[in-house]
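Assemble chain B onto chain A, guided by the hints.
One letter stands for each residue in the lines below.
2 protein chains.
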Amino acid sequence: MPELVTRRVCLLGFGKVGRRLCELVARNDDELAARHGLRLRFVAIGTAGHGSLLAPAGVSAAEALELAADRESERRAFPEPARPGVDLLLASGADVLVEATPLDPQGGRLAIAHLEAALGHDADAITVNKGPIAWDYRRLAALAAAHRRRLLFEGAVMDGCPVFSLFRSCLPDCRLLGFEAVFNSTTNFILDAMGEGGGFAAALAQVQAAGYAEADPAHDIDGHDAAAKIAALANVLMDAGMTPDDVPKDSIRDVTAERVSAARRAGRRLRVLCTAQRNGAGGPVRGAVRLAELGPEHPLFSAGGSTLSVLLRTDLMGTVQIAEHGALPEQTAYGIYSDLIALHEGR
Amino acid sequence: MPELVTRRVCLLGFGKVGRRLCELVARNDDELAARHGLRLRFVAIGTAGHGSLLAPAGVSAAEALELAADRESERRAFPEPARPGVDLLLASGADVLVEATPLDPQGGRLAIAHLEAALGHDADAITVNKGPIAWDYRRLAALAAAHRRRLLFEGAVMDGCPVFSLFRSCLPDCRLLGFEAVFNSTTNFILDAMGEGGGFAAALAQVQAAGYAEADPAHDIDGHDAAAKIAALANVLMDAGMTPDDVPKDSIRDVTAERVSAARRAGRRLRVLCTAQRNGAGGPVRGAVRLAELGPEHPLFSAGGSTLSVLLRTDLMGTVQIAEHGALPEQTAYGIYSDLIALHEGR
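For the protein sequence lines, the chains are A and B, in the order given. Each residue of the first sequence is one higher than the one before, counting from 9 in the working numbering. Each residue of the second sequence is one higher than the one before, counting from 9 in the working numbering.
For reference, chain A alone in the conformation it holds in the complex (with noise of 0.2 Å):
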């Protein structure tokens, strides 16, 4: 059995994403001992506005969810009063910042304040919002290299499958030319119940009721996540140093029932395609979030409701395709524990 090492862990954003971490954590403890060497105590959970947890002393996965079951009746998770999550951080004394705040569709500001706050105080952190890597990667990457410590966040892009380690750790030294993807479930949904023979806004409401849409849906429907996810992507993998802004984006406002019907009917299907690729051996990367109809013969034809898929095109390995089959908080929540154990094991 190895020798235990304590990481000392806080929380911030305690929703079902932050839960599901402590349930797979409590569940997994004695695994994660016996296995690694590596022992989680919570120093600090931070919410919004369901109170906070400050222990400086460590508690376990299990012990903060107990707390906070203790509390379900009350307006509260947590018994002391919700404060500024940089706040918490650093009253905690944590080596590491999980960082699980809902996200924020105005590029992550908030959680971008507690990754700096993080790094610039000897913790590691780990993320799963996607803004601050699309949005501001190569200044927090450079913040981490400057103080030694890393950011990792497999949570953030494609929560339902690794897509970050497998670069990281099943590719290495290979170097990523382009990709191509199908990133965005939601206009998945809106596009095939448009093909079932209603128009756009009727097609968005049914989405809607069903959940898979949110109550504003501009984000998704104007390809603003999609060129999100390929900001991050393009930033992390092929140092672009881009931000959604550069990308260019098609929204599916305009698609039309006959659209969606006459492509199905030719077998083929259309889908908000999501690309980059690096124009020229140094040049900038460009990415693109655009409307196409793919036929059966595309690798990406399989893509569609809550599978999501990307072809990643290597100069050593050809191209290498990953894909997910929906993404709950479980998995998610999975995300950050691979995060907290590939920082563990210096991976």
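Read the hints as simulated data drawn from the structure, not as lab findings. Don't take each hint at face value.
In this list, chains with the same sequence are indistinguishable; a pair is considered to hold if it fits within one copy or across any two.
[Claimed, not checked] Calculated cross-link-like contacts (lysine to aspartate or glutamate; reagent style DMTMM-like; alpha-carbon spacing at most 25 Å):
#	residue 1	residue 2
1	Lys24	Glu124
2	Lys24	Glu71
3	Lys24	Glu338
Chain B alone, transformed into the frame defined by chain A:
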């Protein structure tokens, strides 16, 4: 720049894969040193009938290629007579064996002997031959563990994508519950050629003429290759302790052109589907190679030709799919290269 560690490599097999490995290492020698602190020196290279190289002081990959190029007009690639791989390995004082001898449908007995010799004499071992993993994995893994050596085989199954290291490095603590895959390109090509209207014999001849089937195609057509891949994956990722003999196999010999055409008219595809799952917790793993008709809703519908794909059903990360698009000798060689780095980095 990290301190340089030299690994002494004995390469058995100098066909396309062995040569491509030397070319890749020669091209990346500086990167291996600068990025990984790894220097690879070849202390022996063995071939079946084209001579051998024994150079206990070690030559670089570029030097090995020059030696071989100098002799291309002669019968031999290397100056010394060919000799048994085990002799060469032991005489060389290698600390890592790269086993890249040609595939041997009879279970890879020669490759197994090479791996045994390496692991039993304090060398790590890498193989791209699926035979040892399909037929004898449990014993070889135990031998490696007893000698505190490692056995890696990224290029042995799905050599165009990193399926083993995906599991090992990106899905820590995940259990594989089962998998579903299209694993054999020859049968893909034959079934698709039959869809153009010909019968089995005509399709086989066409695919053989195009170089996509062996002169003796029984190994592919009767499911032996697919069963070996199932056993290899199940042995490594599910501790199945099975052999290809344990896997029932459909042959495609009796498929009629009418059946293929009918499926195609219905927008469906006939495929040789490879599956494995554990029967109950702790129960045995059952594999099967069976002919199946896949509709466009199936996640393996896009697999075909040289696109091979596997759906991995896990306990913690849901279903993750990984696919390769063609597998050239360059990619098999890259699998070895990534294994060499994984060995060096203790991954």
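Outcome of the hint check:
no.: 1; hint: Lys24 to Glu124; in the structure: within (24 Å within a copy, 49 Å between copies)
no.: 2; hint: Lys24 to Glu71; in the structure: within (17 Å within a copy, 57 Å between copies)
no.: 3; hint: Lys24 to Glu338; in the structure: within (8 Å within a copy, 44 Å between copies)
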